[in-house]
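> Chains as they are written, first to last, in our numbering: chain G, 46 to 332; chain Z, 5 to 183; chain R, 440 to 710.
In case anyone wonders, no lab produced these hints; they're calculated from the structure. Just so you know, these numbers come straight off a predicted model, no measurement behind them. Hints are not guaranteed to be accurate.
Claimed, not checked - Subject to a maximum C-alpha distance of 35 Å in a straight line, what follows is the list of computed DSBU-like cross-link-like pairs (lysine-lysine):
hint, chain 1, residue 1, chain 2, residue 2
1, Z, 68, Z, 17
2, Z, 180, Z, 168
3, Z, 180, G, 181
4, Z, 17, G, 181
To be verified - Not everything, but these chain R residues come out facing chain G in the computed CB check (under 7 Å):
hint, residue
5, 497
6, 512
7, 515
8, 518
9, 522
10, 581
11, 584
12, 585
13, 587
14, 588
15, 589
16, 593
What the hints assert, rightly or not - From chain G, some residues computed to sit far from chain R (all C-beta separations above 12 Å):
hint, residue
17, 192
18, 211
19, 243
From the three backbone atoms N, C-alpha and C, an ideal C-beta is built for every residue, glycine too.
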Amino acid sequence: MTLAVKAAGVHKRLGSTHALAGVSLDLGDGITGLLGPNGAGKTTLMRVLATVLAPDSGSVRLLGHDPADREARPVIRRRLGYMPQEPGFHQRFTAFEFVDYVAILKEMTARRERHDEVRRVLDLVGLGDVAQQRIKALSGGMRRRVALAQALLGDPRLVILDEPTAGLDPEQRLRFRELISRLAQDRSVLISTHQTEDVAALCHHVVVLRDGETVFAGAPRELAEVARDRVWLADERSAGAELSWLTGDGRHRHVGNAPPAHAELVEPTLEDGYLLLVGRGSLAVAA
Amino acid sequence: MSASLAAGLSDEKLLAAVAGGDRQALRVLYERHAPWLTLRLARRCADADAVSDAVQDTFVVVWKSAARYQGGGAVGAWMWGIAIRRLIDALRRRPRREFHSSERIDVEPSAEEQVLLGVEHGDLAGALDRLSSELRAVVQATILDGLTSREASRLLGIPTGTVKTRAMRARIQLRKEMA
Amino acid sequence: MSPHVQSELLAAYAGGEIEGARAYSIEAHVVECADCQAAVARLVEPARMQRGWADIEDRLDTPRPAAIEAALGRLGVPGHLARLLAATPSLSVSWLGAVTVALAFAVIAAHESERGLLLFLCVAALLPLAGVAAAFGRGLDPVFEIAVAAPFSSVRLLLLRTAAVLPTTIALAGIAALTLPGVGWTAAAWLLPSLGLTVMSLALATYVAPSRAFGGVTAGWLAIVVFSAIDAGDRLAAFDSGAQVAFVVVALGGGIVLALRQDHLDLGRTL
């Protein structure tokens, strides 16, 4: 069974930054989460996988084709859905018009079928009632959903979503999770996110990037295991921790490689494993 | 509004809802009126595509101009006025051939039909039916459907002058029969 | 008012079996009777009515074409392409408005002095170029990233946009030129340069980044305009017959390069 994505040793410089420094990634069916702090290279990697950026070196195979081959690119793009981190919109478009525009770019020339498909994806993301409103007038969360809808046009085989849940409230995020897990059958979905709960709930495979390199690839359970015996609670802040924070019940949770001798060790979560890997220096908001 | 709620409302109330952008209300109006409008239009035009276009156009117009419905006078009649004019429009956009209302072997109306027509001995009904199909088509367009000569000429695909001549001949013949 | 119509009669009417005066009578009744309307509704095939409703919904959902899109449609451009082109920034009302204003000022200047005429000629020559450059602009086309990731060839989109923007801008400049004082060849002296500069920039954009191509060609040509004016002592030297011929050559040559190398315009890869 062909992997949707096979990438090895991908390098990409953007200006003076070495955004990707030899990233390797294999994506099969189902949902894969891409975690990493800001600047880790997630968006750059996603752009490369969405055929928007050409890597400087390394091998990339998408849906069995090489995107460096000019002829292969439309073939890949026909079965690809991409939701950028900051999608631009023609402000004067309505949600319907925007998705319709993208549908034309996805080569849906027959008007009636195209409109049916546009309605289908807008309904899928719960925007059926506001389809005729201008994007300008929609809230940030709704705009994200419009961007998500266009990524689902044409039922793509490979779906790449860059921070799809940013700006969504918990109820919307739950709805989004339901939507994505339904989609994941017979499809490869790659989601980048800061929300470790999304990853824990949705993904069967996780990849962690730091400074343009892969520091972890495996099951969510295994990511949690990275922090086995390295997470402890205490009433006060203790030394020797990479990170510590005050939890809701008034105690301090610590994550570190050298727990003190009689520390009260606790079950590690996926987030603990992630924090341990990316370290204090590049900490994203641990919310 | 919900489908069940809409189903119980009067046409006027539904129109008011449509004016406020309620698509469900339009749908109910469509379900109520599109069938009889389609049948009635089909009796004026053999081109089935023109008829369905006209019905579609009618409801798009209803959607856009629901606020302009003045009330008083049945919603049905208002819709028919829109529909027949949309049919004329649809026909104008197509290549045409002249339409005749089809011939029928005359059958004496049943007692029930006579009561229906409010006519005792079938005077007017019979006289109408004895008109040739071309004359009857003109009578239908100008009297029953309330079209102007110009509109009737467009619907039937004949010059305006011919409409007027035929209307006059029909009147003469009917008056002669009824006298 | 009229007595109710029996259901068999209605069924016969629905089946097209009733004609003439009897049909009129039925129709006159049905138009105002809700019960009979409902009875007729039961007699007509529901699938057909459903299809009709789906068509109506689609009509209501379908975005109203912008003026540009309708105009393109009338010119025979297929609907989906017209939609794409209508979203071109340099075909928007605001852009075209700005172009008109710029031309108006240039025309006024041209009426004042020969220097003003030179200004007009430069503006008229460069506006089409600016319009085409805007069609490339990442900054001006917000949907850029999504567009690159889509199968529709970005090159084709760019060239389609160029084909739409050029005639539009040239037409506007042409109209403005008609209002110049003392017509004659000078009034059209900007046309060949505008075509030549645009084609040359596009050809160059197959080698370097578009912004550099357009910027470089503009700067380079303006420099030539200034130097040739000083050198020859004639303000309009850069528009003389020699220059016109040169631009024909440039346009043809650039056109060939562009045709051969158009795939190199796939700029997404150089983000």
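> In terms of Cβ atoms, is chain R entirely out of 12 Å range of residue 192/G?
Answer for residue 192/G: violated, closest chain R Cβ roughly 8 Å.
> Classify the hint on residue 497/R as holds or violated, based on whether any CB of chain G lies nearer than 7 Å to its CB.
With a minimum Cβ separation of about 5 Å from chain G (threshold 7 Å), the hint on residue 497/R holds.
> Hint validation: residue 518/R versus chain G, beta carbon distance must be below 7 Å. Holds or violated?
holds (6 Å)
> For the hint on residue 588/R, just tell me whether its beta-carbon gets within less than 7 Å of chain G.
With Cβ-Cβ at 4 Å, under 7 Å, it holds.
> Regarding the hint that residue 585/R lies at the interface with chain G, is the smallest CB-CB distance below 7 Å?
Since chain G brings a Cβ to about 6 Å from residue 585/R, closer than 7 Å, the hint holds.
> Does the interface hint hold: is residue 522/R within less than 7 Å of chain G, judged Cβ to Cβ?
Hint holds; residue 522/R Cβ to chain G Cβ min 6 Å, cut 7 Å.
> Taking only the CA atoms, is the gap from residue 180/Z to residue 181/G under or equal to 35 Å?
violated (70 Å)
> Was residue 211/G rightly flagged as not at the interface, with every chain R Cβ beyond 12 Å?
holds (16 Å)
> CA of residue 17/Z to CA of residue 181/G, is that 35 Å or under?
Satisfied, since the Cα-Cα distance of roughly 33 Å is no more than 35 Å.
> Restraint: residue 593/R near chain G, CB-CB cut 7 Å. Satisfied or not?
Status violated, d = 9 Å.
> At a threshold of 7 Å, is the proposed contact between residue 584/R and chain G supported by beta-carbon distances?
Hint holds; residue 584/R Cβ to chain G Cβ min 4 Å, cut 7 Å.
> Is the interface hint for residue 587/R satisfied, with its Cβ closer than 7 Å to some Cβ of chain G?
holds (5 Å)
In terms of the numbered hints stated before, the structure departs from hints 3, 6, 7, 16 and 17, listed from lowest to highest.
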